[in-house]
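If you want the building blocks of each chain, they are given just below.
Number of protein chains: 2
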Amino acid sequence: MEPESHVGVVGLGSMGMGVARSCIRAGLATWGVDLNPAACEALRQEGAQGVATDAAEIAARLDALVVLVVNGQQVKRVLFGEKGVAQRLKAGCTVMVSSTLSATDAREIASQLAALGIAMLDAPISGGAAKAASGELTVMTSGSEQAFTRLKPVLEAIATSVYRIGDEPGMGSTVKIIHQLLAGVHIAAAAEAMALAARANIPLELMYEVVTHAAGNSWMFENRMRHVVEGDYTPRSAVDIFVKDLGLVADSARALNFPLPLATTALNMFTSASNAGFGQQDDSAVIKIFSGIRLPEATPQEKG
Amino acid sequence: MEPESHVGVVGLGSMGMGVARSCIRAGLATWGVDLNPAACEALRQEGAQGVATDAAEIAARLDALVVLVVNGQQVKRVLFGEKGVAQRLKAGCTVMVSSTLSATDAREIASQLAALGIAMLDAPISGGAAKAASGELTVMTSGSEQAFTRLKPVLEAIATSVYRIGDEPGMGSTVKIIHQLLAGVHIAAAAEAMALAARANIPLELMYEVVTHAAGNSWMFENRMRHVVEGDYTPRSAVDIFVKDLGLVADSARALNFPLPLATTALNMFTSASNAGFGQQDDSAVIKIFSGIRLPEATPQEKG
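Going line by line, the protein sequences match chains A and B. Using this note's numbering, the letters of the first sequence map in sequence onto residues 1 to 304. Using this note's numbering, the letters of the second sequence map in sequence onto residues 1001 to 1304.
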């Protein structure tokens, strides 16, 4: 990839939009694709080279294609579906798959692309919407040296931490999935602990204060239990995201014939929360599966 | 308590020894009690006012008694057993119970002491041996204003963070137990994640690096998984400590008729590790319950 290279980003959700903006800011000729015309229009106004609701329209111009749709099934549809772009990419274009998907999917997609002569980097990202917007993501990559080298300008534009896990596609996704195992279990454990505190009539504000200053703390406890203490379940990341991600964790473990006592339990907790109607609330709403407790409620002003 | 007050510490394990030393350093006339004469002798050389293998010998001199034995049963034996000290304490002596015990035990002990006219502060501690030695513990207290005020010189000598949870003995212990719930689940989750990484042939050093720089991190992951990466299971805190503490968590939840899906699972994991022969190893050895993986082993030099 030369400095005047063209990079396409498919999927302009909160993460994809941040990635596309970071590419523009880094001086890359950036193309955006999303089914939602409003997202396309927003990126055009940020200085995109061009936008489209159909990736097929721009595929032939790209030196790099970043895929940031919701799941493995969507990645496959974008690349190999009816109007799939894989066959339309020019020789030398490199695909970076940054959606969270199973290692099995990552390997399968890489080998289908390889059959078309296209190199792929398995490159899931972490850090949330704010770090996507500021170009400070963490990327866990695996794939050939060639794919990695060609995508360097994109990686440098979007991330401050880039890990090379190995040469085999699927390893990056595995690391991301194991990270999500911890994130999900930590949110569920935080909810379980705060629910028990509520049951024992411990002031939750005080419980939060003690834990966040002691060895029982986790990044997720500190970040998510603030929402519980404030009674604010506006979704930053939703319960259903962890139903999906812990589902991927479970799939990956099954493929490796490996038991996961805690992650399985946490998946059950998020699934119960989703079925109870909290799927679109903040993931800290997993605490609502516990009955027989009173949780703090947001005051009307805080809600507004 | 006046500056020239006499404080006794029963139980000179790693935590109790640190607490006693911190009292000496703060200028309090400090008495130490332990069944082990070597521990007594060590504290005498540090400047203790006096030491004894039997608390009954020194009870009458004390203005404050800190109990830091292993569990609730031992606390009861020290205070109310055959040679129990409760009846030997002078009027106005205040008892600070800093062992980790159930809220039920804490309430029971407080009410037995109250019947003898003795005030008690429920005051479990957190922070580990190093912070005990440096006088930088965290204390979660509950009890009467009077008990709290009288023990202030001791609290100031041993801790940098002192929380007042409420007036009712048992609340301090509940907060400590909920903290241990998180600590135990986080160690078990860290082990589960690293075991899955080992199964997937992800280099553990790299997995550690990614997690400790991302939202999946916890204090326990960062601290304990270092031991796994180095293959060093020298016990800082042992598996059996979490069999005990998560057992207290389970007891407390049962007393409140409250389900704990994750903590129950983590207790099963530590119990399995203990039964497999790892009870006296570092608590990170809970990872050894997973079969079908190869974990790093310490090189001979590192072991020495």
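These are computed hints drawn from the structure, not numbers from a lab. Please note that the accuracy of each hint is not assured.
Unchecked claim - Between beta-carbon pairs, the in silico distance windows are:
{"id": "1", "chain 1": "B", "residue 1": "GLY1247", "chain 2": "A", "residue 2": "GLY247", "range": "40 to 50 Å"}
{"id": "2", "chain 1": "A", "residue 1": "GLY231", "chain 2": "B", "residue 2": "ALA1115", "range": "36 to 46 Å"}
{"id": "3", "chain 1": "B", "residue 1": "ASP1167", "chain 2": "A", "residue 2": "PRO259", "range": "39 to 49 Å"}
{"id": "4", "chain 1": "B", "residue 1": "ALA1129", "chain 2": "A", "residue 2": "GLU136", "range": "31 to 41 Å"}
Ideal Cβ positions, reconstructed from N, Cα and C, are used throughout, including at glycine.
Here's how the hints hold up against the structure:
Checked against the hint of 40 to 50 Å, the C-beta distance between B:GLY1247 and A:GLY247 comes to roughly 32 Å, which is inconsistent with it. With their beta carbons about 42 Å apart, A:GLY231 and B:ALA1115 fall inside the hinted range of 36 to 46 Å. Distance hint check for B:ASP1167 and A:PRO259: the Cβ-Cβ separation is about 45 Å, which falls inside the suggested range of 39 to 49 Å. Distance hint for B:ALA1129 and A:GLU136: a CB-CB separation of about 37 Å, consistent with the stated range 31 to 41 Å.
Figure legend: structure checked against the earlier numbered hints; the only hint not met is number 1.
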